[in-house]
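If you read the protein sequences in the order shown, they are chains G and A.
The opening position of the first sequence corresponds to residue 1 in the UniProt record's numbering, with each subsequent residue numbered one higher.
The opening position of the second sequence corresponds to residue 1 in the UniProt record's numbering, with each subsequent residue numbered one higher.
Calculated from the structure, these hints are not laboratory results.
Honestly, I wouldn't trust all of these hints.
Stated by the list, open to error - Reference listing, derived: stretches of chain A covered by chain G, where coverage requires no fewer than 3 residues with Cβ under 8 Å from a Cβ of chain G:
no., segment
1, 198-205
2, 231-237
As the list claims (entries may be wrong) - A few chain G positions that, by computed beta-carbon distances, are all more than 10 Å from chain A:
no., residue
3, A82
4, L221
5, R233
6, N276
If you're wondering where the values come from, they're calculated on a predicted model, not measured in any experiment.
Where is the CB? At the ideal position from N, CA and C, for every residue including glycine.
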Amino acid sequence: MLRFFGRRLLLLGVTLVVASVLIFAITNVLPGDVGRIILGPFAPQDAVARLNAELGTDRPIVIRYVDWLTGVARGDWGRSYAFDTAVFPLVVERLGRSLTLAVSGLVVLVPLAVAAGVAAARREGGIFDRVLSTVSLAFGALPEFVTGVFLILVFGIWLGALPIQALPPDGAGPLTVIAHLVLPVGCLVLLLFAYLFRMTRASMIEALAADYTRTAELKGLPQRTVIWHHVLRNALLPTITVIGAQIGWLVGGLVVVETLFKYPGIGSLIHFAATNKDIPLLVGCSLAITFVFALGNLAADLLYAILNPRVRHGRHAH
Amino acid sequence: MTASSTGPLLELDNVTISYQRRRDRVDAVRGVSLIIQPGEAYGLVGESGCGKSTLAMAVMRHLPRNGILSGGQVLFEDRDLFRLNQAELRRVRGGRIAMVYQNPESALNPTLKVGEQVAEVFRLHRALRHRPAAEAALDMLRKVRIAEPDRVVGLYPYQLSGGMRQRVVIAMALAADPALLVLDEPTTALDATVQADILDLFTDLRGEMKAAILFISHNLAVVQQVCDRIGVMYGGELIEQGTVAEVFKRPRHPYTAALFDCIPDFGVRKSDRRLAGIAGGVPDLAALGTACLYEPRCLISRQLCRVEHPDLMRAGSRHLSRCFFHAETPAPGAAARVRPEAVPVPDVTAGIPLLSLHGVGRRYGRAHILKDIDLEIAPGETFGLVGESGSGKSTLAKVISGLVPPSAGTVALAGERVAGQVGKRTGRQRRDVQMVFQTPDTTLNPRKKVASILGRAVRVLAGLGGKRKRDRSSALLGDVQLPVEMLRATPDRLSGGQRQRVAIARAFAGDPRLVILDEPTSALDVSVQASILNLLLDLQRESQAAYLFISHDLAVVRYLSDRIGVMYLGELVEVGPTERVFRPPFHPYTQALIAAVPRLGGAAPERPVSLDKPAPGPSERPEGCPFQTRCPRAYDRCRAEAPPWRDAGEGHMIRCWVALDALEASQSAALKPRRVQAPLPIGRRP
Ligand SMILES: Nc1ncnc2c1ncn2[C@@H]1O[C@H](COP(=O)(O)OP(=O)(O)OP(=O)(O)O)[C@@H](O)[C@H]1O
Ligand code: SF4
Ligand code: SF4
Ligand SMILES: [Mg+2]
């Protein structure tokens with residue numbers, strides 16, 4: 001297990017380095033002339049040159065990369081042009097919000113989808129299975145702004161039961177915070193439920209039909225034990241990988257949801273940075289999301305390994 | 001517990017089990033009545049699809065979702081199993097009746113330690129707490145004689161060999177000390193050597209544990225070794241039942257007799273007798289008339305059989321048969337009088353060998369899959385290749401056919417060196433070497449018609465087109481004894497045997513000089529196997545092709561081959577003419593293989609070498625002799641240096657440090673039968 005963990009950590013390091021090189025390269029090398037991009041096509045050439053010198057883009061590329069990286073490690077992520085503040089605290093604040101949303105979404109979604117998947121698989125082809133499969137598929141096919149607008153209309157405006165803004169007022173108590181999060185989280189859940197549900201259902205059906213499940217049943221174990229002790233461990237493996245792979249997107253890709261619910265998360269920040277050509281901010285956001293993405297995958301891998309001895313031990317069969 | 005001392009342990013009373021299928025309903029088991037007494041071992045045999053597993057699952061009350069008990073009762077310890085409530089049922093399952101089935105690969109939970117999986121039974125049925133249950137599990141693993149039980153408890157299934165896994169499953173089944181053990185083909189997926197050990201284990205455990213056994217197998221010799229009584233199933237019906245001694249001595253149903261004749265008894269050669277297959281196939285359960293189910297295939301059927309369905313009738317004091325004319329059942333071995341047409345004897349010594357391998361090796365990284373293989377096959381010869389799974393037989397076959405290029409050594413066809421990759425060989429060379437695999441399903445495109453499968457082979461291999469291509473395709477189909485209409489069928493509509501025939505026809509499309517047959521009959525019923533073996537002999541007589549025949553079934557290899565090579569861990573360890581290889585002196589490994597063959601007639605020799613200890617993997621190959629980790633005769637020298645080839649004369653070569661006369665002396669002594677039963681006529685020539 002320790003060796004496995006070590007290898008994963010190493011891999012994480014490699015991912016981060018590669019990603020940082022890529023981010024650095026895309027924003028510093030490919031366009032050729034950062035100053036020109038920032039100032040636009042009509043700016044005078046000497047202004048561009050001045051800006052480039054200020055940014056240091058005329059120095060050798062490797063040195064710039066190392067400089068940049070040490071800065072990043074120290075928390076010096078540069079200044080945002082658009083906001084004219086330090087990038088790092090801004091990104092951290094937005095990231096925190098996005099994480100809150102994503103984690104709340106997962107906390108509701110995963111138990112719900114897994115439980116539904118298990119229940120549907122146990123009565124494959126039954127009423128519950130058929131209804132849920134169809135309904136979830138329909139919801140999953142809707143774009144998130146449709147479900148979002150629908151939720152806002154029904155719960156926020158007609159019923160007036162829930163706040164339609166996700167961001168609670170400053171100093172709000174935990175209940176208010178939760179109330180504000182209900183609609184965006186609901187939107188997320190509707191969006192992802194079908195995917196996770198069907199994934200769980202399919203691997204559950206496979207695991208239920210497996211010989212080892214029959215062995216467990218023929219041992220005389222009660223259904224509950226068969227499911228909890230024997231089937232779930234095997235059936236959840238693919239689901240875990242999927243969730244791990246989705247975390248990066250859940251944190252950074254929710255532009256529509258964040259916009260709809262006026263929730264200033266990192267998704268809308270990155271969108272803003274891109275449209276405003278705020279390169280330091282763009283880099284900061286990319287870095288943060290890469291980090292979350294890598295950590296999410298690491299967590300999923302570790303969970304996977306805890307459930308699957310084969311991975312944990314490397315492939316040493318007789 | 002609740003075992004009543006007087007009544008039978010298990011009683012099936014007129015049991016019928018039906019499956020609901022998309023359009024119809026079929027009775028997979030029809031009106032079966034049988035009784036198993038406490039402590040008795042009852043064997044159930046029959047061709048694939050005749051309802052054996054369905055019956056076993058009914059005894060566990062664990063039918064597939066679309067299966068129901070549509071008639072009769074299953075009584076266990078005087079209680080109707082199908083009327084128990086869930087709690088009672090759970091106490092019976094695993095507690096009073098336990099089951100072991102075919103596939104040890106998948107029967108264990110891959111994510112739990114095996115010790116835990118055994119301990120679970122103790123906690124559940126013996127109400128033991130965690131610690132004592134774990135200790136009891138360890139004890140149980142000891143009882144099933146697994147190597148290093150203390151280590152094994154902490155391992156996961158994928159870390160164990162197939163034989164060890166099956167021992168764990170058996171330990172699990174025996175944990176609650178059940179009154180009945182249901183074993184559905186428990187050794188079929190295992191190597192012969194491992195099978196022999198597991199069967200020995202059952203024999204020993206029966207002495208210790210008193211559990212009754214319902215033993216399902218398609219292998220008659222295995223049933224004979226383990227069981228007291230035997231039932232034969234056909235088309236869902238029980239068609240014969242009696243003591244093993246009686247049924248094996250004098251079967252009273254033509255189907256049983258025919259089954260015996262399908263199997264080459266160990267020692268029978270192709271020049272001795274032709275195997276009798278059973279013409280036709282098992283009945284379609286959805287379309288059964290009122291006749292005797294076996295009538296279409298029966299050699300002694302009469303008018304009566306076509307109009308009336310026979311009941312089980314008495315054919316001896318404890319012997320039942322579902323045949324009107326059971327007294328006229330031909331004695332097994334009658335087919336032995338069918339002398340084969342002269343079998344050509346290839347001249348191995350003269351001329352240029354058809355195939356010669358020199359120093360052939362294949363490695364992946366540090367692992368030697370094949371090492372230093374020298375081998376020659378003469379034109380028209382049948383060379384048998386044996387060895388446990390993982391010994392490199394199939395890799396060798398692929399190297400010869402060019403599917404896997406060798407990483408060392410040379411391959412020559414008719415004295416001419418050929419390229420390692422099939423793509424770089426000439427057309428003639430490619431045509432010369434053809435291959436037939438164990439499961440034709442994977443090599444025959446299920447959506448293509450047989451006509452196009454064969455047509456393509458004829459075009460590519462024989463260079464024919466148009467009408468001549470079609471004529472040749474039909475002729476090939478005729479050669480493998482399939483009706484021409486089958487040209488229009490797709491492989492998924494054919495039976496396993498028919499598919500294998502198509503694969504063989506395809507291999508013969510371009511007049512090959514060497515056909516490699518990799519376990520061509522291992523997935524087939526014995527009746528189908530017999531007809532395929534006969535077909536191979538006929539084709540060889542006409543085409544003069546040489547065969548490289550790979551099988552783990554020594555009786556079949558011995559029946560068919562002129563010469564035999566024994567492989568171990570990627571090396572040849574013994575080569576020689578068939579009859580020489582089966583006589584001492586043997587390589588110690590060959591000796592263990594031969595001793596593991598289950599035999600009809602019961603006269604198995606002492607098994608001096610137990611191969612239960614798994615072979616090291618190719619990457620853990622020891623220095624010196626590869627067999628040293630399991631060889632009972634290994635000494636210092638075997639661990640230091642690779643052993644030399646020793647010449648036993650007549651082309652019989654053995655690779656071992658022990659001198660041949662020393663080997664021979666001890667092995668001849670060991671060959672004395674260990675328990676001689678009354679001589680049985682099965683398969684013996686008159
Ligand atoms: N779930 C099912 N639904 C429909 N038909 C089935 C089902 N299971 C088995 N059958 C059919 O029932 C018959 C008996 O099958 P069963 O598996 O009991 O045979 P078997 O004697 O164990 O064969 P084998 O030697 O191949 O294991 C076959 O015709 C099979 O196709
Ligand atoms: S009843 Fe007739 S057809 Fe059936 S097995 Fe007996 S002789 Fe053959
Ligand atoms: S060389 Fe040694 S280890 Fe190898 S088979 Fe002979 S006696 Fe056994
Ligand atoms: Mg079966």
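Each hint, compared with the structure:
1. 198-205: violated (count 0)
2. 231-237: That given contact is violated, which follows from only 0 residues of the segment 231-237 of chain A lying within Cβ reach (below 8 Å) of chain G.
3. A82: Holds, because the least Cβ-Cβ distance between A82/G and chain A comes to about 51 Å, which exceeds 10 Å.
4. L221: About 6 Å separates L221/G from the closest Cβ of chain A, which leaves it inside 10 Å; violated.
5. R233: violated (4 Å)
6. N276: At roughly 50 Å from the nearest Cβ of chain A, N276/G sits farther out than 10 Å, so the non-interface label holds.
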